[in-house]
Amino acid sequence: MNWSMIVIPFLISCGLTPLIKTYSIWAKAYAKENNRTVHHGIISRIGGIAIYCAFLITVTITMNPDQALMGIIYGGSILFFTGLVDDLIDIRPPVKLFFQLVAAIVLIINGVSVDVIHLPFGIVINNAIISTVFTIIWVAGITNSINLIDGLDGLAGGMSVIMLVVIASMAWMERRLDVAMLSFILAASTGGFLIYNAHPASIFMGDCGSLFLGFMISAISLLGFKGSTIVTLALPMLLLMIPIIDTLSAILRRTIKGMKFMQADKSHIHHLLMAQFGHTKTVIIMCGLTALFGMCAYVYLFNTKIGFAVMLFLLLGVEIFIEKSAMISEHFHPLMSLYDKIRKKLKFSRESS
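Under this note's numbering, the letters of the sequence shown match residues 14 to 366, in that order.
Any given hint might turn out to be false.
[Stated by the list, open to error] Derived DEER-like restraints, expressed as beta-carbon distance ranges:
no., residue 1, residue 2, range
1, 17, 90, 38 to 46 Å
2, 316, 41, 37 to 45 Å
3, 90, 317, 53 to 61 Å
4, 105, 304, 50 to 58 Å
5, 142, 31, 20 to 28 Å
6, 36, 79, 27 to 35 Å
7, 137, 264, 25 to 33 Å
8, 35, 319, 46 to 54 Å
9, 78, 294, 17 to 25 Å
[What the hints assert, rightly or not] DSS-like, lysine-lysine: derived pairs with alpha carbons at most 25 Å apart:
no., residue 1, residue 2
10, 360, 294
11, 318, 337
12, 360, 337
13, 270, 358
14, 358, 337
By construction, these hints were calculated from the structure, which means they are not laboratory data.
Ideal Cβ positions, reconstructed from N, Cα and C, are used throughout, including at glycine.
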C-alpha cells in the first residue's frame with residue numbers, strides 16, 4: 014500500500030479544518046449549549062466537512078472505484094449532507110432516520126450487503142428479504158451508535174480511528190486490500206481533524222461528521238465481512254461493541270422511562286464515566302476499551318478460545334459497570350442479583366453444616 018493514501022488525507026484534513034472554523038464564524042454554525050452539552054463558548058460544529066472532503070479527494074486520486082465503492086461513496090454522501098443540513102438548521106430525527114434508510118438501500122443496490130448468514134448448528138439463512146432487512150438494521154444501528162457517542166471532545170473520532178485501523182489490519186490479513194485502503198484513508202482523514210478536536214476541542218465534527226463516519230464504518234465492515242459466517246459476522250460486532258452496548262442501553266433506558274427513542278438524555282456511558290473520571294480520562298478509557306475489543310477481534314482470528322475468553326471477560330466488566338451505575342435503570346441488575354443469591358445460598362449451606 015502506498016503511504017500517500019495515509020499522508021494525503023491527513024494533510025488535507027489538517028489544512029481544511031482551520032478554514033472550516035473560520036467559515037463557521039460567518040455561517041454562525043456553532044454548537045448549541047444546553048443541559049446535555051459539556052462545552053462552553055462558541056465552537057464550530059461542522060468539522061465533519063474536513064473529514065468528508067479529505068476522504069473523497071484521496072479516494073478520487075488514489076483509487077479506481079468499482080460499483081461497490083461508488084455505492085459506499087453515494088450512501089456516505091447522502092448522510093454527510095443530511096448531517097450538514099441538521100448542523101446548520103436542525104432537522105427532526107425521523108427525517109434523519111429516513112435518509113439513513115435511503116443510504117442503506119443505495120448500498121444494497123450497489124451490491125454491498127450481507128449475503129448468506131451461517132449460524133451455529135448448521136443453520137444457514139439464504140433469503141434476500143432477511144439479508145436486506147439485516148443490512149438496513151446494521152447500517153442504521155451502527156450509524157446511530159457513532160452519532161450517540163459523539164458527546165465528548167475527541168471521543169467519536171478517536172474510537173472511529175481505532176475501529177478503522179483494526180478493520181484495515183484484519184482486511185489486510187484476509188488480502189482484502191480494497192477494504193484496508195478505504196479504512197486507512199478514512200482513519201487518516203479523521204486523524205487530521207482530531208488534532209483540533211482533542212480536549213479542549215476548538216471544533217466539533219457535528220452530525221455531518223458522525224453520521225458520515227458511522228455509515229462508512231458500517232458499510233466498510235459489510236464490504237469486508239459480507240461472506241457472513243457466524244465468525245465473520247461476530248468480528249465487526251465485537252469491534253463495535255462499545256457503541257452497540259451504549260445504543261441498546263439507551264433504547265432500554267428510554268423505553269423503561271417512557272421516553273421516545275430519539276429523545277436525548279445524559280446517561281450514556283461517556284456521561285457516567287465523566288462524572289467520575291473527568292473529560293480526558295473518560296475519552297482515554299473508552300478509546301482503550303475499543304482498542305481492547307479490537308484486539309479481541311484480531312486475536313480471535315488466530316486463536317478462537319483465547320479471543321472468546323478475553324471477550325467474555327470484557328463484556329462481564331461492561332455489564333457490571335452498567336448495573337452499578339444504573340445506566341439502564343436502578344432496578345436493572347440481573348448479574349449482581351444472581352451473585353447475591355448464590356452468595357446467600359453458599360452462606361446458608363455453610364451455616365447449616
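Verification of the supplied hints:
| no. | hint | verdict |
| --- | --- | --- |
| 1 | 17 <-> 90: 38 to 46 Å | violated, 23 Å |
| 2 | 316 <-> 41: 37 to 45 Å | violated, 54 Å |
| 3 | 90 <-> 317: 53 to 61 Å | violated, 38 Å |
| 4 | 105 <-> 304: 50 to 58 Å | violated, 35 Å |
| 5 | 142 <-> 31: 20 to 28 Å | violated, 48 Å |
| 6 | 36 <-> 79: 27 to 35 Å | holds, 34 Å |
| 7 | 137 <-> 264: 25 to 33 Å | holds, 29 Å |
| 8 | 35 <-> 319: 46 to 54 Å | holds, 50 Å |
| 9 | 78 <-> 294: 17 to 25 Å | violated, 41 Å |
| 10 | 360 <-> 294 | violated, 39 Å |
| 11 | 318 <-> 337 | violated, 29 Å |
| 12 | 360 <-> 337 | holds, 23 Å |
| 13 | 270 <-> 358 | violated, 33 Å |
| 14 | 358 <-> 337 | holds, 22 Å |
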